[in-house]
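If you read the sequences in order, they're chains A and B. Heads up: the first sequence at position 39 corresponds to 39 in our numbering, and the numbers run straight through without jumps. Heads up: the second sequence at position 147 corresponds to 147 in our numbering, and the numbers run straight through without jumps.
Warning: the hint list may mix true and false statements.
Cut-off 25 Å, straight-line C-alpha distance, at most; resulting in silico cross-link-like pairs (DSS-like, lysine-lysine) [claimed, not checked]:
1. A/K238 - A/K39
2. B/K161 - B/K54
3. B/K54 - A/K238
4. B/K202 - A/K59
5. B/K93 - B/K202
6. A/K59 - A/K300
The set of hints was computed from the structure by calculation and includes no laboratory data.
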Amino acid sequence: MMQHRVALSAVAVVALALASVSCNFMMPTANYPVMRQEKGFHLIRSASMTNVWFRGDIKIVAAVLDGASSRDAVYDNLGAYFIVDAKDLKLDGFFHIDSVGLRLVNRGSLQYEPESMSQGPEEGFWIRQGGLIIQVIDASGSALDVAQIANLGTVTADLVPALWMDWDHPPGTTPAERYRASFISGNDITFRSDIDPLSGGASPDYSSSAARSFMANSFEELSATGSPYWNDGRFEFKRFGFSSTAEYSWFAIRRFDGVSGREETRAAAILDIEPGATRTVRGEPQGNAGGVLVIRQESKAPAIRYSLTDGRLDEYRKITIYGDDAYYLGDSLELIDGVPTPVAVFGAITAGPEGKEGGRRITASLWAHRLSTLAEGE
Amino acid sequence: MMRKRTITLIVVASIMLVASCDSRQRMATLVIEAIHDTSATPLNPTVHIALSEKPSFTEGYKAFTASYDIASGGSPAVVFTGISWEEQDRSRKSREFWLLIAYDTDGMDGISEGDHILPAMRVVLNDGEETTIPIIYFDTTSLPAPDPDFLFSLNYSRPWKTVRIFIDDTSRVTPATRLFVRFGNLIDLTAGFDHQIAIGAKEIASGLVVNTDMPNVWAYIDTSGDGNLTAGANELISSLTSNPLNDYTNLILYSGLVY
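Chain B extracted, bound-state conformation (with noise of 0.2 Å):
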């Protein structure tokens, strides 16, 4: 019986150890099942992908990074693994990384003015978790609606907004019932926009970071899954208006605001 105490407070012991100096550390594995061009006349190109501390495509060093083939359709998933960190308070599990999507249009090899890039996509993972993103949308065309999904040019020139994100219940943003994010000059940006963005997931829907000098910004989800903004179908909508595209501005989206 003693022998049993005894050993048993050793095992205590060490696994105390063990445990006491890392219990710091915090890993965590993300997974982008699919990356879709899904514009009318597809270029479905290779595009490049970084997970980053800051949402900046040119500064400070990228150790996660992958290549994927859109065109292939069913290219692997991309998959990060043991994306690692200390974290100072022991009782924070979770982190805000910055997901990064280019496109070298210019083939010169490294990120540079003029390549396609998506806005900084903020995606927060959770210690000794998999997040799992289903599907991001890379549109290469600037065709009119109903194949609104516009990219960005990266402009050194341009200035970088922060647009914070706030759904009511996130899970209402799935493929079928994609969030999307338009910006422009007009006040009203229910008929026309400059650029819109597409996001089927919920783990990016929280918050962007926009290389652009368009004045105002507006989102909508579409509820009612049938591709486009629809009078009626109580779509929700982040305001009547467009909001002014500042520094940070912040889009609330509620079932209490419907199109």
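For reference, chain A alone in the conformation it holds in the complex (with noise of 0.2 Å):
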């Protein structure tokens, strides 16, 4: 009788613990602030600091390499910037990495799209604010907006405003097409490409007929079925690049349900060479390292997963990032085994546990991976 008594309060006690813990019960965690990384991965940097402020989980809303240290002559200088989304607390700015350490930079009046952020030449990151794009820099402390790249509704000398504008040079070349303005015509998507922002976008033109429709039409989650008159070719464009010298151009693309949080992102691409042809997979693309697509699958901290696909979205591969959240940052010429190799390199974010003082400790690296294996694996 005695044991059959002990047995239930141990049953009682085990149940006990298991409702106090069942939140983060069988819950994979990231247990390193730099955790490792799949074979093939180099460690250029990795810096620390401590947000009293932050004390919930932390998202990677969009992130970039700093465009001018991704290629400078020096190689010791790599920078990133990642604006994220922390549930308890929103972080109303954006994190800098670079030599010096990792430091929360405030937006101040700035009324940028955060997930609109993208890689330029220059120092600091591009971003849409309203209908032009700006280049951001860290002002010590503060982002500062130090010039206007492009007016997206006078970017060329039609009447047509452009929906995006990108800029593309993958590192050791000099391609002759460093940028691209995406511009929407009823159903059709037309490209305009050259070496300068503002210059009018000449030659050469690309144009894909109902491409808009069609990206619509691809939504397999949220589709308009049911709801055609509220939801009917309507869908967001998130985000939008292109490979120089892979030559396609690519968007990232989605539906929001506010209501109930529900979201469906996709990667759309266009062939330069084949217009006409539009493709989309499920999936967040992040960017392009050379002519190969990085896009974002659905999956859970620590490990986040990748699909490497070509311009065609056929998949190459799929590699996994470890770490709280992760975001592929941008193309860059790094010293690998101290020679100048261009690389593609992914940012990984680890927030540790509450510290004293009340916050967290958040941790920034930056992985390399060699472009000239990237998409075959080493």
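Quick one: dock chain against chain with the hints and give me the complex.
As structure tokens, then:
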């Protein structure tokens, strides 16, 4: 009888213990500030800071390499910027990591669209603010817009405003085409390219007929079926980019149900040589590494999964970056085994447990993979 | 005795286990019992309805949608079940949504400029509860008073203005004693106006977002229930003259200010 009671009590204790830890039970967590990565990745940099205000989970909204340091000839000052969203606190600014360390930069009065962040050729990053693309830098802890890169309403001589403009310059090459703008005309999407962002875009031009409606109809979970009046043909262009070497354009397109918070993000791509064909796959394209499109798959920390594809969205292979969250940052020229090497750089962020001061320690790390072997693996 | 306690402990622990991970999830139901076209020459169209996070007719994916055939008169009620959302603040049990109603005037199958719309109507849903809107008025003609419930046409170039409505006792707004919100050019909108929206349910009487370039707004509650603004009937009014319609405008109706 006594044994029976002891056994029952033990069951109760275990059940209570389970209840108390249930939200974390069996949930994977990032165990180390800088987690090990798959074979082929090289740690370029990591730095930490403690934010006493930050207590919750952390999510990277957008992140890019610093445009200048990713192409300098010294190879020892690679920097990156992370815009993050913390559930318990909106961090109104971005993290900046470079050779000095990791710091938080205040957004100040800038009203940019966080998810539109992209890498430019100069210091800082490009980001959309209204109909403009501006260059933002870290000015001693405050965000500063130092230049207007493009006014999308007047980027070309004709009256059609551009949807977006991007810059692409793979490390170690000097392509004839450095800037490309995309335009919406009814259901068609047109691209214009040039070596100068403001020159008016002459040739080459690419036009994909009915690309917009094709993209709209490709959504699978948040489809327009059942409610075509409200949703047919409607979606959001989240981001745009292009590969100057592999000759294709890509978009991150999204539908978002604000009531439930459900989201469907897809990668859409259009080849220059086959502009009539638009392809989409599920996932969020975060940039292109030379000709390889880097698409984040639905995945949870600490294993953030990516699909690496060509311009037809045919998959080369999958890779995993480990951390509380990760983001593809862009391509760069870095020293690998003492040799300047074109690389694709991924960023990972981990948040440690709450410290005595009440905040969590945040660690950012930059991981490089040779561009030459990214698609095939090492 | 010991066994009973142990079992109780296990049950409590199991309930905690189930509840602990899901305590931030909220769920509610919205019912619209009827939509009427009360104009003198009713068109009685089929209207499209959506429940939206934001008061935008064109942005964002609308997961909760329905169509309603006004002509049928007793068309089955519109019921949105399983409206769920995650709330970061565990103490917050309610959330603001916007009800959108439109008539596809050009038959292009999608919402587009020129479609007739009511202003986006603020509705607050509570976790675990069913909110019922007894009636919504959707008029389709532009006749002058006494048939004054004019709709708006969706116009992308016109601004969107938010009107917050504060009523000392929201139960004053009923199908018999409606809240009327007027928009127009005149400083005094008691007599002449361009648009007038009738609201007969307290559930949608706290806020509107209007697609208009009208400069003024004014509101009253038809306390007498005769369907009109009636002098001497102690109708509650928002102000002696109209308010400038700014990006955000507050209308306050209480028994201290009557017509």
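Hint-by-hint comparison with the structure:
With a CA separation close to 32 Å, the supplied pair A/K238 and A/K39 exceeds the 25 Å bound. Distance hint between B/K161 and B/K54 is fulfilled; the C-alpha atoms sit about 13 Å from each other, no more than 25 Å. Restraint check for B/K54 and A/K238: satisfied, since their Cα atoms lie roughly 18 Å apart, inside the 25 Å limit. Among the hinted pairs, B/K202 with A/K59 is inconsistent with the structure: their alpha-carbon atoms are about 40 Å apart, more than 25 Å.
A hinted pair counts as satisfied when its Cα atoms are at most 25 Å apart, and B/K93 with B/K202 qualifies at roughly 19 Å. At roughly 11 Å between alpha-carbon atoms, A/K59 and A/K300 fall within 25 Å of each other, so this suggested pair holds.
Checked against the numbered hints listed earlier, the structure breaks hints 1, 4; every other hint is satisfied.
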